[in-house]
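A.B. asks: Sequence lines, in order, name chains A and B.
Start counting the first sequence at 5; every next residue gets the next number (this note's numbering).
Start counting the second sequence at 4; every next residue gets the next number (this note's numbering).
Just so you know, nobody snuck in bad clues.
Taking lysine-lysine and the DSS-like style, the derived pairs with C-alpha atoms no more than 27 Å apart in a straight line are:
(1) A:Lys139 with B:Lys473
(2) A:Lys103 with A:Lys139
(3) B:Lys392 with A:Lys103
(4) B:Lys473 with A:Lys121
(5) B:Lys41 with A:Lys83
(6) B:Lys392 with A:Lys139
(7) A:Lys169 with B:Lys392
(8) B:Lys429 with A:Lys83
(9) B:Lys392 with A:Lys121
Bear in mind the hints are in silico, worked out from the structure with no lab data behind them.
Predicted, not measured: the structure shown is a model, and the values here were computed from it.
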Amino acid sequence: MRHSGRITRRKFIQVTTAAAAGSVVGCTNKGSPWRFFTLQEGWTVAAICERLIPADQDPGATEAGVVNFIDLQLMGPYKRYRSNYRRGIQGVEQASLQKFGRAFTQLSPESQDEVLKELEQGGVAGEAWKDLSSKDFFTLILGHTMQGFYGDPRHGGNRGRVSWKMLGLPYPPIRGRLHYDLTKAEKS
Amino acid sequence: MALRHVNAVVVGAGAGGGIVAKELAEAGLSVVLLERGKWYTAFDCRKDDLRNQRTSVLGCGFGPDDERYRRVFVDAQGNERVVLPSEGVYGNNAACVGGGTASYGAMAWRFMEKDFRMRSTYGAVEGSTLEDWPIGYEDLEPFYEKAEWEIGVSGDYTGNPFHAPRKKPLPMPPLPPSREHEILKPAASRLGLHPFDIPMLRNTVPYNGRPACMRCRWCVGFACEVDAKNGTQNTVIPKALATGNCELRAQCVTKEILTDGRGRATGVAYFDSQDELQVQPADLVVVSCAATETARLLLNSSSRLFPQGLGNRYDWLGRNLQGHCYAGTYGLFDYDVYDDLGPGASIAISDFNHGNPGLVGGGVLCNEFIRLPYQFSSMIPPTLPRWGKAHKDFMRQVYRRCISVMGPAQEMPVFEARVQVDPRVKDHWGMPVARLSGSNHPHTVEVAKFLASKAEAWLKEAGAVATWPKPPRVGLSGGQHQAGTCRMGNDPKTSVVSRYCQVHDVDNLFVVDGSVHVTNGGFNPVLTIMAIAYYASAHMVEAWKGTRFRS
Numbered sequence: 005m006r007h008s009g010r011i012t013r014r015k016f017i018q019v020t021t022a023a024a025a026g027s028v029v030g031c032t033n034k035g036s037p038w039r040f041f042t043l044q045e046g047w048t049v050a051a052i053c054e055r056l057i058p059a060d061q062d063p064g065a066t067e068a069g070v071v072n073f074i075d076l077q078l079m080g081p082y083k084r085y086r087s088n089y090r091r092g093i094q095g096v097e098q099a100s101l102q103k104f105g106r107a108f109t110q111l112s113p114e115s116q117d118e119v120l121k122e123l124e125q126g127g128v129a130g131e132a133w134k135d136l137s138s139k140d141f142f143t144l145i146l147g148h149t150m151q152g153f154y155g156d157p158r159h160g161g162n163r164g165r166v167s168w169k170m171l172g173l174p175y176p177p178i179r180g181r182l183h184y185d186l187t188k189a190e191k192s
Numbered sequence: 004m005a006l007r008h009v010n011a012v013v014v015g016a017g018a019g020g021g022i023v024a025k026e027l028a029e030a031g032l033s034v035v036l037l038e039r040g041k042w043y044t045a046f047d048c049r050k051d052d053l054r055n056q057r058t059s060v061l062g063c064g065f066g067p068d069d070e071r072y073r074r075v076f077v078d079a080q081g082n083e084r085v086v087l088p089s090e091g092v093y094g095n096n097a098a099c100v101g102g103g104t105a106s107y108g109a110m111a112w113r114f115m116e117k118d119f120r121m122r123s124t125y126g127a128v129e130g131s132t133l134e135d136w137p138i139g140y141e142d143l144e145p146f147y148e149k150a151e152w153e154i155g156v157s158g159d160y161t162g163n164p165f166h167a168p169r170k171k172p173l174p175m176p177p178l179p180p181s182r183e184h185e186i187l188k189p190a191a192s193r194l195g196l197h198p199f200d201i202p203m204l205r206n207t208v209p210y211n212g213r214p215a216c217m218r219c220r221w222c223v224g225f226a227c228e229v230d231a232k233n234g235t236q237n238t239v240i241p242k243a244l245a246t247g248n249c250e251l252r253a254q255c256v257t258k259e260i261l262t263d264g265r266g267r268a269t270g271v272a273y274f275d276s277q278d279e280l281q282v283q284p285a286d287l288v289v290v291s292c293a294a295t296e297t298a299r300l301l302l303n304s305s306s307r308l309f310p311q312g313l314g315n316r317y318d319w320l321g322r323n324l325q326g327h328c329y330a331g332t333y334g335l336f337d338y339d340v341y342d343d344l345g346p347g348a349s350i351a352i353s354d355f356n357h358g359n360p361g362l363v364g365g366g367v368l369c370n371e372f373i374r375l376p377y378q379f380s381s382m383i384p385p386t387l388p389r390w391g392k393a394h395k396d397f398m399r400q401v402y403r404r405c406i407s408v409m410g411p412a413q414e415m416p417v418f419e420a421r422v423q424v425d426p427r428v429k430d431h432w433g434m435p436v437a438r439l440s441g442s443n444h445p446h447t448v449e450v451a452k453f454l455a456s457k458a459e460a461w462l463k464e465a466g467a468v469a470t471w472p473k474p475p476r477v478g479l480s481g482g483q484h485q486a487g488t489c490r491m492g493n494d495p496k497t498s499v500v501s502r503y504c505q506v507h508d509v510d511n512l513f514v515v516d517g518s519v520h521v522t523n524g525g526f527n528p529v530l531t532i533m534a535i536a537y538y539a540s541a542h543m544v545e546a547w548k549g550t551r552f553r554s
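Take these sequences, add in the hints, and give me the full structure.
C.D. replies: Rendered as structure tokens:
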């Protein structure tokens, strides 16, 4: 441990920005197929995402790999949201138990929507929502679900480009140099 | 320890700095061009819809990175928090060679004559520091022309009767019309408006040895894969290097501007790519880091003679931070309007830039760049649920049937909308970060709402079966169109730089970027930044010949 002023300041930044995310994490997901989520968390997140973008004639969030997207990003750019997820998922389970006496994954789709609507409106009480409002958690997971479903497959979601196919975005999704005759263009 | 002395050091290789480096190098000055970001080429183009300059949820594709950069954002309630570059309120532009011009949408507007005379045209606005520029359109006209021809602009002005006087046409024709263009053009004419092709810094025919646009959907926010988009990174910076007089040092983060006991700038101190501190002495220092970082660098360059930072004797540095308040309307059509032809934006009307009853200024209205699916997922009517089956149906039914018309409302500068340096939070190199606070002016929001109503009328005339608004944002402006923090003026007590972009107190220190804008026009500002860079360079070269800067 070095003791220069600069390190202290850096430490300050780390603390304020990362919200001490790392310390919450640890190796709590042993035996889980996910990188960050525990097995049970993964099921809950899948159930939430599937209500946000449900399957119909086109695949929903789960089939599109949205949980994989979120889990992968929590190991990288979204590291700072780890504790939000850990607490938020707990909060969803508490709200579900309080309202229906069962785990979120055990509820009917209609009941799941009711829980989610309450979260979205905010003001859900409970231990988990002391530092993070249910509304903020809902907005967070909604944004990430949209990213995972409608974003580029390279980030672990939108498996098989399902959403782009649904929207009728022409294939190939990336028109690159192969489709462009540079030699022709260079003649003026 | 100091490096070899050069004539000029230019900090920031973006729209302004790239041009200054080239102009000075061609005039025979030895130049070091410092850039904190990397030098990307067309081959580094990553068409990543979650990691680019337009949608940066997973990071900014063209810098700065989330690991080493921070800012402090203070909201309207006075709550402050540390924010990352990938978060919206950071107000990011870019950090790479070319700056924002490497990945921009590339609209190439000349401001109008009244945009330089807002105060004398409209009078004072309460709560705003609205003022005339010390220079006029006529001072910049030759330099607008130079930017259009040297960097390369396509488009067609002839349909726009409101444009300011100009001598030469644009060097390239517009792209062939897209489907949106064909739908919107006759509708605008029926309304008595004057539609025309948006001027763009984009090749539509081979130009400057590079090919024409291939019309892909990955444009604004991305580097161009075929190098058809013209920025400083593929025009003036290579020219500057070709003179042999200019050295580009990328991944070098400037720490402070150094001054001597006589109050003259002597060079800069910067951290190189290995985080080693270097000192680059120079006769002349040019700061071109964009409105936020330029203000921060000047504030961080305090010394005994300049305890409040350079150019801040009268507390004007960092104030009047502005950008554009965007608002507009989405229109739903009962047939497919999506044709997958980039860049998307193609048609504009300038009927509402000035002369709007009861309003100060206005803005140009354009159809939008192509909305990628994730971006589109939040562009929903306010009555629609944000999720569930209804949202998915909306995406499926509307994505290919929606046209969006938006406009940048000219902002009323606000003294309290400002950049400071934070007293506690430091970046990776131990330097105080920018602290952003304040909000846009209520009248700006009114102007934006007016623009949105005109966009709605245009879309309805074009046959939209439903419309919904993109409401203006109340809050601090800045971001990619950031400007205003080093106001240009004749009176040192109410401005930071002179009419030649020279910092009032320090005559061998220049600011050349959007910071000097007194007002920011109702247009995307980049061509004006470029014109000012040519204009200020011409002054520097002339003064140099009179050996004004030789110490």
